[in-house]
Amino acid sequence: MNEYLITLRPPRDGFADNATPEERAVIGEHFAYLRTAHTGGTLIIAGRTQETTPVGLVIIRAESEAAARRFADADPAVRAGVFRYDCKPYAVALMEGRSQ
44 MNEYLITLRP PRDGFADNAT PEERAVIGEH FAYLRTAHTG GTLIIAGRTQ ETTPVGLVII
104 RAESEAAARR FADADPAVRA GVFRYDCKPY AVALMEGRSQ
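In short: position in the sequence shown from 1, add 43, done, that's the numbering used here.
Treat the hints as calculated values from the structure; they're not laboratory data.
Honestly, I wouldn't trust all of these hints.
[Unchecked claim] Simulated restraints, written as ranges between beta carbons of each label pair: (1) Arg67 / Ala136: 26 to 36 Å; (2) Arg52 / Ser142: 13 to 23 Å; (3) Gly90 / Thr63: 35 to 45 Å; (4) Arg122 / Asp56: 20 to 30 Å; (5) Gly57 / Ser142: 39 to 49 Å; (6) Arg91 / Met138: 15 to 25 Å.
Think of the CB as a built atom: it goes at the ideal place given N, C-alpha and C, for glycine as much as any other residue.
Using the sequences and the hints, build the whole thing.
As structure tokens, this is what we get:
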């Protein structure tokens, strides 16, 4: 299984401060999607930068880049156009709780 880095970007500057109620609802769906992926073992880590125009970071396990892109495309926030993404092959070198 390979690892992939997915970066998520909001549609506009200042998004953390000016997201609409509808966008916030979609972000709730996005978080539920990631939680399910974490429980299922696909998601390694997820988080975001702490600034008004945040960048989300998601690292997943997938068979191929195409599979990783399918994962990102299925994210409710991507489907709704709340986030756009980039996907790149990635290799976790060190991580708490993982033997190297």
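To see whether the hints hold, each was checked on the structure:
1. Restraint check, Arg67 to Ala136: a C-beta distance of roughly 35 Å satisfies the suggested window 26 to 36 Å.
2. Hint check: Arg52 to Ser142, Cβ distance near 33 Å, so the stated range 13 to 23 Å is violated.
3. Distance hint check: the CB atoms of Gly90 and Thr63 are about 23 Å apart, inconsistent with the given range 35 to 45 Å.
4. For Arg122 and Asp56, the Cβ-Cβ distance of about 22 Å falls inside the hinted range of 20 to 30 Å, so the restraint holds.
5. For the pair Gly57 and Ser142, the beta carbons lie near 42 Å from each other, so the given range of 39 to 49 Å is met.
6. The given range of 15 to 25 Å is respected by Arg91 and Met138, whose C-beta atoms sit roughly 18 Å from each other.
The structure is inconsistent with the numbered hints 2, 3, although it conforms to all the rest.
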